[in-house]
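**Student:** These are the residues of each chain, in order.
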Amino acid sequence: DAGVIQSPRHEVTEMGQEVTLRCKPISGHDYLFWYRQTMMRGLELLIYFNNNVPIDDSGMPEDRFSAKMPNASFSTLKIQPSEPRDSAVYFCASSSPGSLATNEKLFFGSGTQLSVL
Amino acid sequence: DAKTTQPPSMDCAEGRAANLPCNHSTISGNEYVYWYRQIHSQGPQYIIHGLKNNETNEMASLIITEDRKSSTLILPHATLRDTAVYYCIVRVAGAAGNKLTFGGGTRVLVKP
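In the order they appear, the protein sequences are chains A and B. Quick note, the first sequence lines up with residues 1 to 117 if you use my numbering. Quick note, the second sequence lines up with residues 118 to 229 if you use my numbering.
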């Protein structure tokens, strides 16, 4: 398996532009997570999905951020309009709970380095 | 989920065992201890997890004290590639959809 695939690897954009980050989870995984990492705040959970349905979006910073999961193999995180303070590394992760709900491992993608100028 | 306390950084010598402590004094009976690590410019990587028994896999060993208020991650023979930030997380398995909350972690530098 190729693991969790994120694109693009790097994104540089100007303030006010729309940014779309993409994620392909591991096949068969039914949970998908979006995290953001900055030096100041560390790793923060933004939103997660179960079976394509958003379960908890309490970490989404504001209305400029939106996430969708139209099918089991694809998710997007959109920022519109983008601002310099959105500059961060955005990680996507997926997992499958396992038969006993104890064997839970999150598998992370390589992340998207976003720079908003 | 219970909070954890880890030293912000530590060094260890290549080839020696690295012992990473984690304090979780408020852990509940149904909370597991998870360890992840993040190598520079990569996403976090799962290492190991346990409830109350010691655990070992190909990457590391996890020692949990009898009262479960602290644990130690052991990298038996540290290599330069083990240089990373190591996160100790406690949470209830199966709850809240596998949501993990990362703290500051321990920055481990393996030196030749």
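Because the hints were derived from the structure by calculation, they are not lab data. Heads up, a few of these hints could be off.
As the list claims (entries may be wrong) - Taking CB as the label site, the calculated pair distances span:
1. B:128 to A:53: 43 to 49 Å
2. B:145 to A:63: 34 to 40 Å
3. A:7 to B:157: 16 to 22 Å
4. A:40 to B:143: 22 to 28 Å
5. B:184 to A:62: 40 to 46 Å
To be verified - No farther apart than 25 Å at their CA atoms in a straight line, the calculated lysine-lysine pairs in the DSS-like style are these:
6. B:120 to A:68
7. A:105 to B:120
8. A:78 to A:24
9. A:105 to B:228
10. B:169 to B:120
11. A:105 to A:68
12. A:24 to A:105
13. A:68 to A:24
14. A:78 to A:68
Glycine included, C-beta positions come from ideal geometry on N, C-alpha and C.
**Student:** Flag every earlier hint the structure violates by its number, smallest first.
**Tutor:** 6 and 9
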